[in-house]
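Asks: Sequence:
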Amino acid sequence: MRDNAATASTNATTAAATKAAPGVAAAPTAPAAPAENTGIAWPYVLTSILLGLTQGLGMNLVNSNLPGIQGSLGATSAEASWLVAAYFATNIPATLLLAKIRYQFGLRWFADVTIGMYFILGLTHLLTNHLGSAIAIRAALGLASAPISSLTMLFMLQALPQAKALFAAIVAFGILQMGSPLSRIISEDLLINDQWQGLTYLTIALALLSLAAINIVRLRPMPTMQAFTRGDGMGFGLYAIGMALLIIVLAQASSHWWTATPWIGVCLATAFVCFGLYVYHEWNRPYPLIDLHWLTSPFMLRFIGAMFLFRTLQAQQTVGAVSFMNSLGFYNDQMHGLFMVIGAGTVFGFLLALAAIPSKRYSFFGEIALVVVFIVALMDGHATVLTRPDDLYVSQFLLAMAGSMFMAMALLQGFMHVVAGGMKHLISFIAVLTGGTSLASLFGQSMLSTYVQDRTRVHYAHLADGLSLSDPLVMQRLKQLQATPSMLSPDHATASQQAAASLTQQVTQQSVVMAYNDLSHAMAVLAAIGFFLFLAVKWYGWHRSAVSTSPATSPRAV
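Residue numbering for the sequence shown follows the numbering used here, starting at 7 and increasing by one per position.
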């Protein structure tokens with residue numbers, strides 16, 4: 007039995023989907039439309055929640071705990087970042103295949119195969135303690151997770167009546183977003199008890215539960231058809247190679263530095279060449295992997311641009327707040343309160359979106375979210391070495407809320423755009439939404455990490471230039487730092503070296519604090535620019551609408 011979207015409950019919708027793929031003459035006749043669900047189908051709700059948590063935790067458990075994992079694997083931070091690259095290098099390219107896989111095989115079939123492969127590799131990984139096997143299982147998990155985001159959405163869509171489709175889409179997407187804060191709260195106990203294997207145990211268990219759930223609670227049947235055509239292999243190969251190389255660059259550049267490592271430049275150039283060849287190959291094909299004309303339509307370009315803008319702004323939650331606290335010596339087990347606040351802000355933002363659906367007053371959520379981000383950036387732009395996690399509760403709650411509001415607004419407008427087009431791009435839209443969100447987050451974190459490192463070097467050089475042994479304030483500080491070592495050791499030279507090292511450490515820490523303050527100020531500027539761009543786009547839309555409906559341009563006036 008093949009699966010189908012809950013919204014494809016009419017023969018007209020199925021016909022539109024059939025038209026979107028080749029081989030329509032051989033396609034089976036669509037089954038009769040089932041009776042519309044008038045209540046909440048709780049088995050589908052629970053399955054959607056399970057799938058969403060599986061996807062969110064599978065992606066974030068490792069990403070949120072790289073320092074602990076690299077220690078247990080005996081890897082450097084640069085080597086451990088390959089775990090992040092491996093996941094996204096298979097996950098994001100695989101989303102390109104989801105539309106055709108759904109038509110020809112069904113997403114459940116794809117999930118059965120990929121989760122089974124992941125389970126086998128996971129068991130193998132538990133028997134080793136090697137970075138290479140860890141990278142392999144992350145790549146397998148990325149591939150297995152590719153259909154889970156779409157299945158999370160489809161199960162929730164089928165769980166609620168068709169009239170509540172917008173509610174279902176928001177709830178499903180909100181569940182997917184909870185994986186990041188939740189992974190930081192629960193992972194510490196897993197690492198303490200079982201080291202990195204504890205994270206693998208949990209992801210394997212969730213994958214098996216998801217595999218059982220999608221085979222017990224099944225989506226509505228969908229007729230299959232021949233969807234893959236000649237040329238799909240070359241198109242996917244070009245796209246997959248280009249995307250994998252781009253992801254490797256984004257994951258590794260901040261560790262190796264962009265201009266100091268030649269192979270990063272080679273990978274980036276090769277990625278753009280592959281993308282260019284992919285567009286040339288796919289642009290005029292009758293049945294492309296994804297409709298590039300639809301993807302490059304004005305609405306989708308605005309959608310993708312807005313998503314990259316806000317994911318870059320929201321990356322200050324990871325690169326700014328969390329990494330800043332890490333630099334001051336606070337780690338996940340000491341920041342549970344902060345992550346719980348972030349989770350609460352995420353939920354609250356989606357609740358605001360749900361409350362706005364009946365009145366359709368969510369069109370300005372983007373502008374409101376950008377104003378909130380601007381305020382948050384100003385709040386966090388005055389941090390010191392004495393800043394603690396509880397000092398960030400209010401700002402990070404607001405930032406998480408703004409992120410949820412913005413993504414909910416984008417999802418609602420995108421979903422309405424897909425509905426207006428006859429639902430034939432539903433799976434493609436979900437793939438763009440989930441894959442694009444991941445790529446935008448990775449892009450934002452890479453850019454912000456690079457900015458922080460650059461500003462740290464600038465501030466350190468400036469502060470170090472001001473340190474001179476001829477400066478009485480510097481000598482006074484060295485004597486203060488030398489007092490404690492002198493009490494513990496009679497060796498004056500050793501005490502002097504320890505004092506100098508302590509002063510250097512304090513200068514480095516102060517440089518980091520100043521760099522994160524610069525990041526907050528830069529995000530405030532970016533949020534302000536985004537706000538005025540949003541207003542300009544809206545004003546242009548209103549102006550065009552007014553001109554097109556004015557009497558002077560009507561046929562009667564002509």
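Rather than coming from a laboratory, the hints here were simulated on the basis of the structure.
Treat the numbers as computed from the prediction; the structure is a model and nothing was measured.
Any given hint could be a false lead.
[Unchecked claim] When the alpha-carbon atoms are kept at most 25 angstroms apart in a straight line, the in silico SDA-like pairs for lysine to any residue are as follows:
| # | residue 1 | residue 2 |
| --- | --- | --- |
| 1 | Lys-366 | Ser-551 |
| 2 | Lys-366 | Ser-329 |
| 3 | Lys-544 | Thr-302 |
| 4 | Lys-544 | Ala-426 |
| 5 | Lys-170 | Leu-52 |
| 6 | Lys-366 | Ala-542 |
| 7 | Lys-366 | Leu-384 |
| 8 | Lys-544 | Trp-300 |
| 9 | Lys-366 | Asp-118 |
| 10 | Lys-366 | Phe-281 |
Asks: Look at each hint and say if it fits the structure.
Replies: Okay, the hints, checked on the actual structure:
Under the criterion of a C-alpha separation no larger than 25 angstroms, the hint pairing Lys-366 with Ser-551 is consistent with the structure, at around 19 angstroms. A threshold of 25 angstroms between alpha carbons decides the hint, and for Lys-366 with Ser-329 the separation of about 37 angstroms lies outside it, so the pair is violated. Restraint check for Lys-544 and Thr-302: satisfied, since their Cα atoms lie roughly 19 angstroms apart, inside the 25 angstroms limit. Proposed proximity of Lys-544 and Ala-426 is supported: the alpha carbons are some 20 angstroms apart, at most 25 angstroms.
For the proposed pair Lys-170 and Leu-52, the alpha carbon gap of about 17 angstroms is at most 25 angstroms, so the pair holds. Our distance criterion of 25 angstroms between C-alpha atoms is met by Lys-366 and Ala-542, whose separation comes to about 21 angstroms. For the hint linking Lys-366 to Leu-384, the alpha-carbon distance of about 31 angstroms lies beyond 25 angstroms, and the restraint is violated. A distance of roughly 21 angstroms separates the Cα atoms of Lys-544 and Trp-300; the hinted pair therefore holds under the 25 angstroms criterion.
With a C-alpha separation of about 38 angstroms, the suggested pairing of Lys-366 with Asp-118 is violated against the 25 angstroms cut-off. With a C-alpha separation of about 38 angstroms, the suggested pair Lys-366 and Phe-281 falls outside the 25 angstroms cut-off, and the hint is violated.
Going down the numbered hints, you'll see the structure goes against 2, 7, 9, 10, while the others check out.
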